[in-house]
Amino acid sequence: MSLWFCIPFAGLLACIAVLPLLRAEWWERYRPVIVAAWSLLFIIPFAVTYGAGTALESVLECILNDYLTFIVLLFGLFCVAGNITLEGDLAGSPRTNMVLLVIGTLLSSCIGTTGASMLMVRPVIKMNAWREKRSHIMVFFIFLISNLGGCLTPIGDPPLLMGFSRGVPFFWSLRLFPILVFNMVILLFIFYWIDRKAYRKEIAQGRKPAIQKPGMDIHLQGAHNLFFLAMIVASVILSGILSGLPFFQDAEGNVLGISVFKEVRLTYPALIEIFVILAAAFLSYKTTGEEIRRKNHFTWDAIQEVAVLFVGIFITMQPALEILRSMGSSLDITEPFQMFWTTGGLSSFLDNTPTYLVFLTTAGAMGFTEGVATSVGMIPAKMLTAISCGAVFMGANTYIGNAPNMMVKSISDENGICMPSFFGYFFWAVRILLPVFLVDTILFFL
Amino acid sequence: MGKKKEMLRELAGRIYDLDVEVYERLGSSLGRVFNQEREQCIKELVKLMDSKSKSHILRSQLALISNMARTIGDTDTRDIIMKKYEGILQEVTILPKSFASEDILDEKMAQLNEWNLEERFSQDNHLVICIGRAYGCGGSEIGFVLADSLKINYYDVEIFNEVLKRMELEQDDVEDRAGFPAFQPAQKLTLKQRLKDINRYHGLPKRDAVFFNQCDLICDMAKREDFVVMGRCADAILTINNIPHISIYITAPFEQRVRRVMKINKKMSEKQVREHIRRLDRKHAKYYGYYTGRGWGHAENYDLCINSASYGIEGSVELIRRMIRRSG
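These protein sequence lines map, in sequence, to chains U and Y. 1 is the number of the first residue of the first sequence in the numbering used here; add one for each residue after it. 1001 is the number of the first residue of the second sequence in the numbering used here; add one for each residue after it.
Please note that a few of the clues may not be correct.
[Unchecked claim] Only some residues are given here: those of chain U computed to face chain Y with a beta carbon under 10 Å: (1) 25; (2) 89; (3) 126; (4) 213; (5) 220; (6) 223; (7) 246; (8) 299; (9) 323.
Note that these hints are calculated values from the structure, not bench results. C-beta: ideal position from N, C-alpha, C; glycine also.
Model the full structure from these sequences, guided by the hints.
Structure follows, in structure tokens:
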């Protein structure tokens, strides 16, 4: 496939990065139109070159198999987490923020980066409501909770779930714990000093939290929704497990499902996952009082924004992923550090799940005789570690690197926090994450 | 100039009120764009409107309010609020260019007039005298005699005790040291004690929680009565909260302070006293710098700095009284 087909993807990224800076209101109003325009700019030339049938098949494949489960999961977690609120006058300080970031990061591997982000974002915003400069807290929230924290289990981040369905043992990713702890320590140390500086400045400016009463009355409202949250997490794991069961596969090993168009099918495990998630979201919404959503400033805007942007990103990135798939084995990437940076670099802009799969397959086809036995071949532990860390960690490099990044940005923007622009955030990542990843490379992947 | 300021204040007030209205309509508990007291926010907003280089901050703050306003569920309410927002935005956009072109080169210098001692106090204000002092200079005596001669209350450790009472804090953990609280070194706490502390101090470090409560208490008192307050960063706290006051710093040459402390505390050797004073000065400066962002004892932060060794207690009190008479 020609590189020219990647232009709409680059164009859409440029719009996401630049238009909010140049014409914010215009971008907000016409976002769906712009996304549709770039999508059509890919679909039409693709249809002219390869035929309308192939184009339709490609678009349906991406929407039904990748986008649908992605957005339904995001929607479910967004909806359920929005029905839980932490009441109480806990005041945000560098120390409490650090503790919450640690809890959130570890929670990411238990309920997924999206689940942990949605669950933690509002309490963190609320605690720090008395402060003026809060954007750095949310930037580190994205670094740690929305990305890095998901590396310990297949539940944490979708690429690892794909790895699990390709034969990587469920608990294998726990081996990444030392790397996660190392990264957490460095990032939290940097965070503490940045936050402390901002905190001191704010105190000197006369800002103070309302803490006149001794003691605080912390309580969780809508706690029953934790059950629905668990239901969603379970459905994701279930979907991964069911896909590997012979009962859900045909004679050739393809996962069974409803045939939609040509080879495109909506698999039964995906359907079950979608059904369970939507049921959980519906029940959560119906069983929770409006008052909790009001307190949480719950609106559909954040999920709408992400849904619109990512449908365009998913469609227009298909050529880039196709090129990557066809070139993956010929890229001459043989060392773990190369795997870490290539998987990571591409995961910063492309969907990290297919990127992970491409390099997992590439590594599996290298003919190693020792390592982790997967359905794509034997992969040395160091190589698999590099691919996993690259895919999970470097999603933090940009707002579009991982879905929760954009959700956290959007929710923060809605609640009085002036989040950095696309480039502003990227600059944070370059200044803070890049050096940490370089140290990771030296210590773990060389 | 006065009319322009009035106009900017009025506009700033409407921006603040819009933020409050949006927040109330949403019923959210996640936080507002302007989360300080009205008067302080208005002052900051006027500053932003008045400055060419910071006008982008004002626009981004307005954008944040509109982000929130757009999420109001009720269409009619949203329309009304968005109309108000657009009106304000238009006014901000067409703020006379001359306003910004008159950027003040040195804001602090310009504020000297605003805080001129002669015009500082209105009839509604109480006389609040904040005295910062170096340990061993006789500052406490000067403060006490001054309060007595003015027939107003004298607060030193009383404020601190009131804060402890408010926070239900044990006296053993913390003690007052010449105008600032000193905490006992962190001891090994059990998990239960830690959780108790988190609950009691709202997750904040103990010293920060004490400071915030002290701030509230000092501001409340300044709105109610005339008094002399010793230390506790009161001068900085009242400045930030736009409460008129007189700030004084009293010190004395190191040798004089050593002699004085030795006279009072006969159990300590000279070496111990010297070390004790140096340590207290260091801690005091650190405490003041941490919570105010200003330099403790730096002359530019005070209305009057006195070397008590030059004037003695009575002389210092007289000097301060003469200055107070100038303030009307």
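Failing hints, ascending? 5, 6, 7 and 9
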